[in-house]
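Asker: Residue numbers (the numbering used here): -10 to 431.
Some hints could be false.
[Stated by the list, open to error] For each label pair, taking beta carbons as the anchor points, the in silico distance ranges come out as:
1) T411 <-> E346: 24 to 30 Å
2) D173 <-> N395: 26 to 32 Å
3) D173 <-> D115: 31 to 37 Å
4) T398 <-> E35: 47 to 53 Å
5) S25 <-> L84: 17 to 23 Å
6) D207 <-> G24: 25 to 31 Å
It is worth saying that the hints were derived from the structure and are not from the lab.
Ideal Cβ placement from N, Cα and C applies to all residues, glycine included.
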Amino acid sequence: MRRSEAFLATSKEAPDAGTDVVALMCRAGLIREFGSGLYGFLPTGERVRRKITGRVEAAMETCGAQHVSLPALQYSDVWEASGRWANFEDEMFTLENRDGQAMCLAPSHEEGVVHLLDGLVRSHGDLPLLVSQVTEKYRDDHARNGLLRCKAFTMKDAYSVHADRASLDRTYERIRSAYLDVFDDLGLDVAVVAADNEVMGGHASEEFVAPVDDGTDDLVYCASGDCRFGRTDESTEFDEFAHGEDCPDCGGPLVASEGIEVGHVFKLGTRYAEALDFTVDGPDGGRLHPTMGSYGIGVTRTLQTLLQQTRDRAGLAGEGDSESDGDGDDVTGCHWPVTDWGTVAPYRVAIVPLDYEDDHRAIAEELYATCGREDTLLFDDPTQSIGERFAECDLLGVPAVVVLGNHYTETGEVEVEYADGTTEFVDSETVPEAVAESATGN
């Protein structure tokens, strides 16, 4: 993307957005508020959201999922049959159509997926089946803290259908493992917390909770290696564990924190199949109610949590309202994790010439082509000062910034500045290799 053509919508002003991270997302041109609990994604934010979505969808495909699309607007009859029309209470948006029929904006799609498959999946031989979608969900929640508690949000939800519980257990463990791989690739640390099924029903569930300084739940988790043990204050076992005690799973140290739920997996059993009379031919010639699983990841919630956890770990909490004077002073901007998989930063690399003329222009264009135009931001706008260019790179959180300045003029070497504060000087021919390594944590 050329800066002269890009609509980045960055701002020097810090809006009154409730928290420093939400203010930062607004300043960086990721999101814009449409009213309490409603946010639109600007082009920069949409780039990040699509990268997260792409990694999540790839994980589901690895698990054997097939993509579907279910309507958000649904009639009440299937929800009344499942017993959840009343259970969601004030969290579900409900309405009447012009014919006086009760409808809702579905907060989840367990009922919808049963309706989709009932009568089409006819036999135990058609199972197991795993379907997945990434779509908008709607809940009339008490809006707070930006994308963490909002009324419309992006979610990946998947549903599995099985002839028996053993098959469900295998798929559940496969998806649970895939979720951990996703969060590792995104650079998000999570604990796995045993949870109540609440209005979802079923017999078991687990939450994936990211430790942060300011979250939605109190959390105690193990800080040792790959151990994922955790408990939130929603668990009846929460008071049995405390900061500094030994982890019951590995013996490592427990840490008290706050947390944000970014994923949830459920073993639903036959709860929906029985309520909605969904049956298939069994192996003995009779009919059976399939057992089901449900698996969700909050895409937009993960986006904000990535920023929040990374800033917490870097000691930047509370500094999201820093401003730039346009003269190149440091800006406390977005910090996106970089892992062996890559990064969800809106741009992987930025090319910043001190002036966009003559030799600097020629080498900038060459690097723009060789580094990959689709994930590179070329600062070619002559109306921007060099200070504004650097400030914008910092605000967006670009992992690698290629600088074409006095050092290049004098030596022919290109300066590459990385998000971790390090700098190296390389020949222009090796810049694509250098920035590729930086964007994969190598």
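Asker: Hints first: check each against the structure and report whether it holds.
Answerer: Hints and how they fare:
Taken as a hint, the range 24 to 30 Å holds for the pair T411 and E346, whose Cβ atoms sit roughly 29 Å apart. Checked against the given bound of 26 to 32 Å, the beta carbons of D173 and N395, roughly 41 Å apart, lie outside it. A C-beta distance of roughly 33 Å is found between D173 and D115, which places it inside the suggested range of 31 to 37 Å. Between T398 and E35 the Cβ separation comes to about 37 Å, which falls outside the hinted range of 47 to 53 Å.
With their beta carbons about 19 Å apart, S25 and L84 fall inside the hinted range of 17 to 23 Å. Separated by about 30 Å at the C-beta atoms, D207 and G24 satisfy the suggested range of 25 to 31 Å.
Going through the hint list in order, the structure does not satisfy hints 2, 4.
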